[in-house]
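Keeping their order, the protein sequence lines are chains C and S.
Quick note: the first sequence uses my numbering, first residue 74, plus one each step.
Quick note: the second sequence uses my numbering, first residue 12, plus one each step.
These are calculated hints, taken from the structure and not from any lab test.
Hints are supplied without guarantee of correctness; some may be wrong.
[What the hints assert, rightly or not] Below, a sample of chain S positions facing chain C; criterion: calculated Cβ distance under 10 angstroms: (1) Y29; (2) C106; (3) P107; (4) D133; (5) V135; (6) F195; (7) L281.
All of these numbers come straight from a predicted model, not from anything done at the bench.
We treat Cβ as the ideally placed atom computed from N, Cα and C, and that holds for glycine.
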Amino acid sequence: MKLNALKREESTGAISRFNRGAFLVEIRALIALAIIVIFFSIMSDNFLQYSNLVLMTRHVAMNAILAIGMLLVILNGGIDLSVGSIVGLSGVVAGYLMQGAPIPFTGHVAYLNIWAVLLISLLVGIFFGWLNGLLVAKLNIAPFIATLGMLYVARGFAKLITNGETFTKLDGKPSLGNTGFITTFAAKPFGVPLPIWVMILFAIVFSIILNRTAFGRWLYASGGNQRAAALTGVPVTKVNIGIYVLSGFCAAAVGVLFTADLHAAIPNMGEFSELNAIAAVVIGGTALSGGRGTIRGTLIGAFVIGFLVDGLVLIGVSVFWQETIKGAVIIVAVAVEEIQRILERRQKLKSAS
Amino acid sequence: MIKKSSIAIEAFDVNKNYGATQALKGANFRAESGKVTVLFGENGAGKSTLMKILAGIEQPTSGDIHVFGEKVSINSPADALARGITIIHQELSLCPNLSVRDNIFMGRETLKRGFMNYAHEDEVTRQVLKQLEEVIDPKTKVENLRLGLQQIVEIARALTINSKILIMDEPTSALSSTEVAVLFKVIRELKAKGVAIIYISHHLEEALEISDRAFVLRDGQIVADAVVAEIDMEWVVSNMLGRAFKGQVHKSSGYAKGRNVLEIKNATILERGTATSKLFAVEDFSLTVKASEIVSIYGLMGAGRTELMEALAGRDDFARGELLLEGNDITKLSVQERIKAGMGLVPEDRQRDGLIHQMSVGSNLSLASYMSHIKYGFVNRSTEKVEIEEVIKNVRVKTSGHNMPIESLSGGNQQKVVLGRMLLTNPKILLLDEPTRGIDVGAKGEIFDLLRERAEKGLAILFVTSEISEAMNWSDRIVVMSRGHIIGIYNPNDVTREDIMSAAEGTKEGELV
Chain C
74 MKLNALKREE STGAISRFNR GAFLVEIRAL IALAIIVIFF SIMSDNFLQY
124 SNLVLMTRHV AMNAILAIGM LLVILNGGID LSVGSIVGLS GVVAGYLMQG
174 APIPFTGHVA YLNIWAVLLI SLLVGIFFGW LNGLLVAKLN IAPFIATLGM
224 LYVARGFAKL ITNGETFTKL DGKPSLGNTG FITTFAAKPF GVPLPIWVMI
274 LFAIVFSIIL NRTAFGRWLY ASGGNQRAAA LTGVPVTKVN IGIYVLSGFC
324 AAAVGVLFTA DLHAAIPNMG EFSELNAIAA VVIGGTALSG GRGTIRGTLI
374 GAFVIGFLVD GLVLIGVSVF WQETIKGAVI IVAVAVEEIQ RILERRQKLK
424 SAS
Chain S
12 MIKKSSIAIE AFDVNKNYGA TQALKGANFR AESGKVTVLF GENGAGKSTL
62 MKILAGIEQP TSGDIHVFGE KVSINSPADA LARGITIIHQ ELSLCPNLSV
112 RDNIFMGRET LKRGFMNYAH EDEVTRQVLK QLEEVIDPKT KVENLRLGLQ
162 QIVEIARALT INSKILIMDE PTSALSSTEV AVLFKVIREL KAKGVAIIYI
212 SHHLEEALEI SDRAFVLRDG QIVADAVVAE IDMEWVVSNM LGRAFKGQVH
262 KSSGYAKGRN VLEIKNATIL ERGTATSKLF AVEDFSLTVK ASEIVSIYGL
312 MGAGRTELME ALAGRDDFAR GELLLEGNDI TKLSVQERIK AGMGLVPEDR
362 QRDGLIHQMS VGSNLSLASY MSHIKYGFVN RSTEKVEIEE VIKNVRVKTS
412 GHNMPIESLS GGNQQKVVLG RMLLTNPKIL LLDEPTRGID VGAKGEIFDL
462 LRERAEKGLA ILFVTSEISE AMNWSDRIVV MSRGHIIGIY NPNDVTREDI
512 MSAAEGTKEG ELV
């Protein structure tokens, strides 16, 4: 009995110590963010100005929305390289529909209401995400390969639709009832750009999905130990498809916002943005092996990347150095976690002997 | 006579083939409601296979399953669950990154207006843990619990399902004796409620204490069944091992043992899977292996033998203690450095840790000794080939050529390749973890003959086994481990299988030889 009491004490000790560990991972990203803010506010008087903060946060928001979708995929142990291309494709689809879509064999041209345009653009993202999910979950293709393929396929479609050009006539005509694309999707409610509102909305909704729904728990479960999850009746295949659908949906939303923001649908939109999204997720303390990570951490990660890049631009660092520094920050952020783990293990062995 | 209606689940003539191996050969088994049915059998007898079939994880090659008198096919774990069958897995099926509560309700989430009903789940979790007399916060992550408590969580999950048939595959391997007593109390409560319980354990006495009816599985067949009140340990052991058992005996042929090759001093190893636990998987383990000596380590699941082997191989650290190879301290050396210093390692899982599946038989063989054929930065293919062909002959690998893919070999021959590869590095000591797992009897004998030959030439050998017959027939000394400690070191000429078995259960103190 005495032995048992001892063991109990130990398990509660484990809890408090663990929480400290989890806290350290998040605080690490926050410290990085604080250093970036302090450094750039010293280097440039403009950095902390309201207008600059809003501008930078708008950039952050686009990446953060992608990163939220990416987080779901990475939590499950996957990766989605196709999101940048889906941004381009859904943006181009929106632009195409705003120009007027010819209906085959009829000679008529369809001009859709902007909400119908939004819906179809989002469905494009959902469809490509669903394809990713089928490839990964049903055909057992490695997520890296399946989504790499989709990266090219989606980008190719975007270029086919525009024939390599850019769609700029997004205003619509009052007589056609399709005006307001830019004024609606690049609106600034209460003086704050729409992408920031969308980021906040998505962060809240996806936090609820992750923490309060069965789907969220299935996701953490199958990311933590897929075999165990399957053995206990978690529908791992459905979960696997669902996350790619949600990731595609997030990417499509960014596509529409981006197009409105630029006042043009450019087929190259969102190129390489999948890599920024992955970086944000990883800096936010999410393990690429799955099962561990939070929306909060991912948002902090997106702010680290966004503020760093914009700050470097602001103080006039050359483009080449910007990339080098960004890369170094990503590596350091992850290396710190590993070093922390090694130190903890050493501590553990020392306390045992 | 058993009343027909009381039989909860019954298996008729169940066969299960994995490729060419027959895991089950016409097994007949049944369990009654309100009774505990125990299934005995040595490792590899087919116990887990039979349980996996009853739980819907595997499908039988042929044969029928009846649940409550109705012929059914159980196609998935979800299917089994729907029929009221729950299994507590031998290997824990928990998500380490989730909390205790989340693991208990995994796949059966309770919802309130579409959202998770955490309050309810916490409450149920607290209740079931109280029933098991454990104080664990439902929000504790499973990875922060020691192995024993993880097993409790696995049991707690099964208890919350309220199933009619509960399969427990080695539920006590990591539990303390107090925890076992609590589990037994719970099992009796379940019995009273009419649940059919199927119990599997290597701890024979424990199993006999709790069960009502016993079945013995040997080589894929049920060879005996009886009411527990009418049998004893001897009945179980003799049926498990087979009365007509005759093993080949290749005991030490009297040649002199040499100097000390490997000295393990007070090895203490932390339990794995726990972030901050100070519990030890192995504590104060000391052993010396001499040149020309074959020493075996026998123990039940959870005895700490795997952890010991991992640490000896250098994949885990000693928390305390030291390791000497011919007098030199190698405690701090990495796996590669240990191999270089003269320690050969043959891993337990040859598919995962032993073979490079894309490479040929020859390339797999020369993998460890490859560097010795490099001259001026290039591999000398001709000397490599000579060496490979020599070792193929020496370890008797049956292959039509060294260029054949490694996948073309049988399990026994693949194991010989892994072994041959290590012998090419000219080790002073060879560590083998379950060297004959999943290979047929003939190949087993060949592998041990090979080891004996090498031992006569001076090689020291330390191997871990979960088969008593291997330890009895092939080693000079048997080290029996239980719960992280050495229970006794025996001379195989002076002990019986029964002695070893009861020592491994920790019920009998052995003499040191």
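Practice problem: If any of the earlier hints don't hold here, list their numbers in rising order. | Solution: 1, 4, 5, 6
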